[in-house]
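Novice: Letter by letter, the chains look like this.
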Amino acid sequence: MQAHSDSNVYYVPPPSIWPLVGSVALLTLATGFVLVMNKIAAGPYVMTLGMGILLVMLFGWFGTVIKESLAGKYSKQVDSSFRWGMVWFIFSEVMFFAGFFGALYYARNLAVPWLADTQLLWPGFSAAWPTAGPGLKTVIDPVNAWGIPALNTLILLSSGATVTWAHWGLQKGNQRQLKLGLAMTVALGILFIGFQIHEYAEAAFSIRDGIYGATFYMLTGFHGFHVMMGTVMLIVILFRSLAGHFTLEHHFAFEAVAWYWHFVDVIWLLLFVFVYWL
Amino acid sequence: MLNFPDRRAGLSFFAARLLIGLIAGLVPSLSRAEYALNLPAPASDLAQSIYDLHTLILWICLVILLVVFVPMAIALVKHRKSAGYQAAKFHDNLLVEIIWTIIPVLILFFMARPAASLVVSMKDTTKEDLTIKVTGYQWKWEYEYLGDNIRFMSNTSTPKEQIEGSQPKGENYLLEVDRPLVVPAGKKVRLVMTSSDVIHAWWVPAFGVKQDAIPGFIRDSWFKVDKPGTYRGQCAELCGVGHGFMPVVVEVVPPEQFASWKKEQIAMAATAAANANKTYGMAELKALGEKVYSANCAACHQPDGAGLPGAFPALNGSKIVSGDKSGHIDIVLNGKPATAMASFGKQLSDLDIAAVVTYERNSWNNKTGDVVQPADIAARRK
Amino acid sequence: MNTTTINGAAAHHDHDHDHAPAGIMRWLTSTNHKDIGTLYLWFSLFMFFFAGALAMVIRAELFQPGLQLLQPNVFNQLTTMHGLIMIFGAIMPALVGFANWQVPLMIGASDMAFPRLNNWSFWLLPAAGTLLIASFFVPGGAIAGGWTMYPPLFMQGGIAYDMSILAVHILGISSIMGAINIITTILNMRAPGMTLMKMPLFVWTWLITAYLLVAVMPVLACAITMLLTDRHFGTHFFDAAGGGDPIMFQHIFWFFGHPEVYIMILPSFGIVSTVIPTFARKPLFGYVSMVYAVASIAFLSFIVWAHHMFTTGMPVAGQLFFMYATMLIAIPTGIKVFNWVATLWRGSISFETPMLFSLAFVFLFTIGGFSGLVLALVPVDIQLQDTYYVVAHFHYVLFSGSAMSIMAGVYYWLPKWTGHMYDEKLGKLHFWLTTIAFNVTFFPMHFLGLAGMPRRIPDYSLQFTDFNKIASLGGFLLGASQLLFLYVVIKCVRGGEPAGNRPWDGADSLEWTQTSPPPYHSFVTPPLVK
Ligand code: HEM
Ligand SMILES: [Cu+2]
Ligand SMILES: [Cu+2]
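Protein sequence lines, in the order shown, are assigned to chains B, C and A.
Mapping of the first sequence onto our numbering: position 75 corresponds to residue 75, and the numbering continues sequentially without gaps.
Mapping of the second sequence onto our numbering: position 300 corresponds to residue 300, and the numbering continues sequentially without gaps.
Mapping of the third sequence onto our numbering: position 529 corresponds to residue 529, and the numbering continues sequentially without gaps.
These aren't lab readings, by the way, just hints derived from the structure by calculation.
Hints are supplied without guarantee of correctness; some may be wrong.
A short, non-exhaustive set of chain C residues, derived as facing chain A with CB atoms under 8 angstroms [what the hints assert, rightly or not]:
#	residue
1	39
2	41
3	92
4	95
5	106
6	113
7	130
8	174
Computed from a predicted model, the values in this text were never measured in an experiment.
Heads up, the beta-carbon is just placed ideally off N, CA and C, and yes, glycines get one too.
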């Protein structure tokens, strides 16, 4: 026999409405998106509604989690569940990006050379990268890797450092360092997004310009979206630090966001090498 | 000893044996030729090798099946609780497990060797005597004899009435075309395949050739058939509404006959070119147009021009058809991107397009009275 | 396999929600793994009948040559949606339902690791199901390009195509969240003393399946996102004119698709590996090698995808590599079959319904494995690709494999879930009808494929008539037999002989230490496993 104190009982939350709200939100959002894509007038309204429901759900759900966390419902075991959960979630994101990197590899190293070999159908086409393909006549003027992209690399790398510095602060019990580190990270994240928007605005090609445009915008676009999500998460964590939510032994939310940020960082490095540089 | 203390278990066991017996009894009686239990009779060396490989694998599988399931059957008969059998306690045996890992590996090696060498020869498209470009269209094939200026479409020729059941079905129902591919016997024919719209697959089982036709890419394949005759196959990649109605027919003829056939084709092409500058009357155009329509357009827009609401627009009463001629001609020539509406400019002659446009503009409730001439089409081509 | 001591199972804790909340809210807002498992299973059964009804119409059309009931475009909608819904709506949710009910019970956990997330995973399914079913009623009808969604054909459809893409996205989110939940539960919530190698094999198979899900569902998301942008945002991923390649879609799709078929079969292996030892009254033979076999199947499933694409005309090296890799999968698969037979050997076997289904599984799945091996050989596959032979193959592995193992599992655990015994006589009748009808339906399809009948055609030439007739008749019987299944299940839910804690004398995993049905919150305090 082993004695179990109540605090060792795994916390099973009471019934909750938020998951259901979440699926209603996604159904509405998806329906709205379908309508928008097919140019049906109601689309934007339905999509906005879906967004709204999604936001309500996120606030409600995460609010509940934070409340439970502060109420001390989460034992060590629950904490490690969160950790496993986050690790596997990040793994799924890695695979998502792996798919697009795979597409980039395939298009650039296999499909384009094959097309160049198909002179019967595409006379005069020769393999090169960047290319908009044999059927479109566009010439692509790529973004110079050593301009904004290099600067952005620097920014993201330093943001990785600042978030780690914040973590050290937390571990030392230095709340000031935690808050300062987080604030700097948020600022760097916003800076990155700003530069990225600027780069898109300046770029001489669009997502419609063949396989180069498609892979470029898909990869950098999804990455940019992840940076935005990460920044929002960092802002939430910053506010929670200001409210003094994190203690030495209880700060999973902080770590989860830090991991996520590092993941976004690593993806960027791959992007820099394979999309911008090589 | 077998006894059945538990009647229900006994019954189901009996039923199982009955089932197995039935299947075993059925197989020989079914294996008459007309039931086609196996791959069709091979007409090329490749198809023959595939056939043999398949037979070999089937026997190996059968032997493994017996080795695995005879013991299982014995266990099910003998080691029954209802027969009073006490369970043993073992649950591991490293040696046995190693053995039954290694033996399958060896069997697989044995299977892989002939398969691999066959793959290599199937892929060897060099030293061809003749190259034909095959292009898939929704839903017909185009054959172009590279270097010979022969190019034609091959459409299904099974009448709609047979499909809908108002006429008895012919012997080659769904496997017949208006113009088959003609190739010389005993020559290595290389096919280079592509598609103009979606992915199709060109398949003649007796040749052992099945190759996807991929838009924008060329993939090749080959066959050499010694015995003259007519060989039939079908499109083997889902390509939309007409996928089931896209047969492949190949006529293999002696080389001398092939040579004279070629001459004929070249002469025919010359007459067709001459006709392109003539002017035609409404009746003539409508008659030809109806043929072109049922071969190319009716699958989607339907014989009565009503279309399929939501999927394919109606032509009867359509704005484009009753509107300006040039808009009508343009959509037939160039198609509509991202829809099943193909650009027929690549597929049909000026005369055919003139005929079908005239037909559409003067059929059903459409009464524009316009007569469109081949020259009008030529003028709108770029 | 392991002896267990239950500690404090009866000692109820002072929880604020000991009993199930009443009414509809119990199901809408549930955080209870058993309720959510039940929801998954009912959803799956509903979808099974929905997609099954589509199949009945398909078989009716194919009963004789000619077009009788359907226009070709409707026929294509039916085959496409039958496949898509069976896979994502019936088989996968059923297996996740089993995971929900059984994994916590079998490892002595109080619930899933993330109970709210669990509920979300479920309620996303009806959202996606709504989009899919509604897509039949939009202009142009449902998607008709095959469940594999190959472009450029998939570029040609209307609004239903977008609905289905987004539905699959939602299903993907559901699967990923569900899988993360299952992995975390298994890794973090096992009762003290239950080491990984003491876990019931069913739990092992789900651990590995969940890993596959997390790894490949995002890749599917990526593939269909590219489809969507090609359709609406002007990208050229799958368009040669823009430097893309339609075949690239197939590579990405099958990188998901092949592991996906193992996602649908590994938990079935787990169910069968639970049922057979129970009714052979003998421990599973080769537990360790079973675990390794499952793991190596999972690993290999990542490097065989292009065996679905042999006729696309890959370079020789590619064809050979994927042929060899595919053949390798037969080895761990074979080991599993050998182990099941060895488990039966010198057991004390009885033939209750779950056992009958499991035995049929072993035999019929093996036939599907053999046809898989035949298809793995490139030259033979080139003859058989996209014919009814492939249809026969995947129904042997998916119907007599996954679906029949699900039925085995349902009969096996129904007494635990409901507290009542099911009607054994009717169960057996259901088994025999299903097994016979299944073989009558699908065995002739091997011959059809060999003789050259392409799949996905609404009409066929005359030499295929006889076998199609037989297949259709078998199909109708198969469909009708499943109504009996529904009846048996409902009857069992409503009442029946009390099951007691452990109705099967050969069963030994933790769930059988609980009452039937188990308390709303079981294992609130973890048991101690020795
Ligand atoms: C020994 C194991 C297996 C081998 C060697 C194998 C091999 C193959 C091959 C080569 C194909 C491609 C056939 C073609 O399209 O030409 C195929 C198709 C398929 N297999 Fe298997 N298979 C095996 C087991 C399984 C299992 C366990 C499942 C599912 C539970 C499965 C489900 C499928 C499905 C659904 C398809 C057809 C997909 C489609 O085109 O719609 N297979 N298999
Ligand atoms: Cu086709
Ligand atoms: Cu596969």
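Novice: Next step is simple, just say for each hint if it's right about the structure.
Specialist: Here is how each hint holds up against the structure:
With a cut of 8 angstroms, the hint placing residue 39(C) at the interface with chain A holds, because the nearest CB-to-CB distance is about 5 angstroms. A cut of 8 angstroms between beta carbons decides the hint on residue 41(C): the least distance to chain A is about 11 angstroms, and the hint is violated. Taking 8 angstroms as the C-beta contact cut-off toward chain A, the hint placing residue 92(C) at the interface holds, the least distance being around 6 angstroms. With its C-beta approaching chain A no nearer than about 12 angstroms, residue 95(C) sits outside the 8 angstroms limit, and its interface hint is violated.
Given hint, residue 106(C) at the interface with chain A, is violated; its Cβ is 11 angstroms from that chain's nearest Cβ, farther than 8 angstroms. With a cut of 8 angstroms, the hint placing residue 113(C) at the interface with chain A is violated, because the nearest CB-to-CB distance is about 11 angstroms. Interface restraint check for residue 130(C): the shortest CB-CB distance to chain A comes to about 20 angstroms, outside 8 angstroms, so the restraint is violated. Interface hint status for residue 174(C): upheld, as the beta-carbon distance to the closest one in chain A is roughly 5 angstroms, under 8 angstroms.
The earlier numbered hints that this structure contradicts are 2, 4, 5, 6 and 7.
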